[in-house]
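So the protein lines, in turn, are chains G and X.
If you count the first sequence from 1, you need to add 327 to reach the numbering used here.
If you count the second sequence from 1, you need to add 331 to reach the numbering used here.
Quick caveat, the hints were computed from the structure, so don't treat them as lab data.
Among these hints, one or two may not hold up.
Lysine-lysine pairs mimicking DSS-like chemistry, simulated, CA-CA at most 30 Å apart [stated by the list, open to error]:
hint : chain 1 : residue 1 : chain 2 : residue 2
1    : X       : Lys-417   : X       : Lys-601
2    : X       : Lys-558   : X       : Lys-544
3    : G       : Lys-600   : X       : Lys-417
4    : G       : Lys-600   : X       : Lys-401
5    : X       : Lys-417   : X       : Lys-401
6    : X       : Lys-554   : X       : Lys-544
Remember, it's a predicted structure, so these values are computed and weren't measured experimentally.
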Amino acid sequence: MPKRATALLNELRSNVPAMTAAVMLVFLLLTAVIGPWLVSSDPLFMDLEHVKEPPSMAHWLGTDSTGRDILSRTVSGARISLAVGIIASVLSLGIGICFGLIAGYFGGNIDALLSQIFDIFLAFPSLILAIGISAVMPPGLVSAMLAITLVGWSGFARLVRGITLTLREQVYVEASRAIGASSGRILYRHILPNALPLILVAGSLRVGGFILLEAALSFLGLGVQPPTPTWGSMISLNRAYISSAPWMVIFPGLAISITVISFNTLGDFLRDKLEPK
Amino acid sequence: MGYYLLRRILLFIPTLLGITLITFVLMQALPGDPVQGMAGERASAETIARIRSELGQDRPLPLQFIGYLKLLATGELGRSYYTNRKISDDLLQKFPNTFRLALAAMLFASIFGIALGTLAAVKRGTGWDRLIAFVTVGGISIPVFWLGLTLMLVFSLYLRVLPPSGMGNGRIEYLVLPAITLGTFSLSYIARVTRSAMLESLSLPYISAARAKGLTETKVVLKHALKNSLIPIVTLIGLDLGSYLNGAVLTETIFGWDGLGRYALDGILKRDYPVIMGVVLFGAVVFVTINLLVDLSYHMLDPRVRIKRGD
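Extracted from the complex, chain G is given alone in its bound form:
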């Protein structure tokens, strides 16, 4: 594996778009972790003498209708977007992998029942399901993450099921079974490691979508609540001023777009390299 990882890194270096995306993501992660200490002003501080100011040296991205600095709000919004996107991906991958392995490996009635459940979840219009779930709970970080997880897991489950179906027919699985390995051991030691590259590709391609879903929930007022700034809620709160102060809407949207473009570009790169042709 380390050898493969080094080869992958070398290929990444020679691929300009993927390398740019990777650098961008490292930068975004750093912004999310240490950014709030680097920007000078408090994202919640309302400077009523400087409202709706266009970008300037004092406020690089301008200020909003209550004089809050857009740059520091955008920087602190990075935390929420990345946290929700990454944690929701990990959670839905975890659930999807468990159910997908069980359905694909055991087959028969278990598979029929689980596949039916995957299909039911996949048949929901995802944003409507997510809105419904976030409306069930008091809106906030946890409700947004859970909503996205519940929307996302079934796609992974179906993918993992498909991969498991082909892997369980492999000779090495049969050999392992012949020497008496338990199902759990076979799944954990043989099937999961071999399925992992494909699962990671699917996961990396979905993080961007999850970040978009979080932004949409925040935009609709169902995500993390004000005054905590999120990219989606910044756009929704400042929508009314789009003609007089467009920077208030443009910059948070650019932040979302750049983040998601980076994730998707890197995901495309991983898919090209790791998926068998």
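Here the structure of chain G is known, so what remains is to put chain X in place on it, guided by the hints.
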């Protein structure tokens, strides 16, 4: 074929029951009491109890669920708690608006998506290919609501060539920005899938044969390669049409479009249970039906696909 169709239609039933059940459970978990909301802050306990029993909300949950299924069996979806209008009437009134928007978006996405994808495949490895790759990654990465607002800013507020919002009694210029907003995401996917399907087709021997017999390159690309790449593209277009309801929630909210997406969002925010149930079920039925139609369309596009009996 008849058997296959029948089996697929029978499989609808557990899927729809499951969706109904999940939505129903979700509704019960919603905080806030719609009855309290309807009756007002100062309503007496008796009034609330009366409304509750009128709505059947005083019965045990399993009975309420069965009651709802019985209602569905008669082809009804119940009435809105707030307007007391029949949900089915509301859906029928709003569906054409969303359908018109989705259709326009799909046309835009299909035409430009297939064109860009074909161009990228033919010009593989050139600057065109890279430009299209960048544009299409952008298309799946930009938030729908931000794209809508930005288009509105540029075309309505700065250039003043298109109306910013509303439906304009069906005039076509009101449809342009919402359709582009809703269609951009699937345009990008269609372009990406078209590109890879075309690359595969163009590498097959019959393309060399077509070139060898002296056909023009345009004819080779459009008539031979593209026609044989259509299956994955049609699948994608079909599947996307079902998911337009998602984009419609945001697009309709931004452009003040009186369709199902906004209706659903209003219902959810007001905790109007029958409305939410109705829209979700309707959306799921549309989605599952489209999946079936996509499967059937394989038959028309690819005579090699024959459905075996019992498969």
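The hints, checked one at a time:
1. Simply put, X/Lys-417 and X/Lys-601 have alpha-carbon atoms about 16 Å apart, close enough for the 30 Å limit, and the pair holds.
2. A hinted pair counts as satisfied when its Cα atoms are at most 30 Å apart, and X/Lys-558 with X/Lys-544 qualifies at roughly 18 Å.
3. Taken as a hint, the G/Lys-600 and X/Lys-417 pair is broken in the structure, with Cα atoms around 54 Å apart against an allowance of 30 Å.
4. Between the alpha carbons of G/Lys-600 and X/Lys-401 the distance comes to roughly 53 Å, so the proposed pair goes past 30 Å and is violated.
5. For the suggested pair X/Lys-417 and X/Lys-401, the alpha carbons sit about 16 Å apart, so the restraint of at most 30 Å is met.
6. A hinted pair counts as satisfied when its Cα atoms are at most 30 Å apart, and X/Lys-554 with X/Lys-544 qualifies at roughly 14 Å.
Consistency note: the structure conflicts with the earlier hints numbered 3 and 4.
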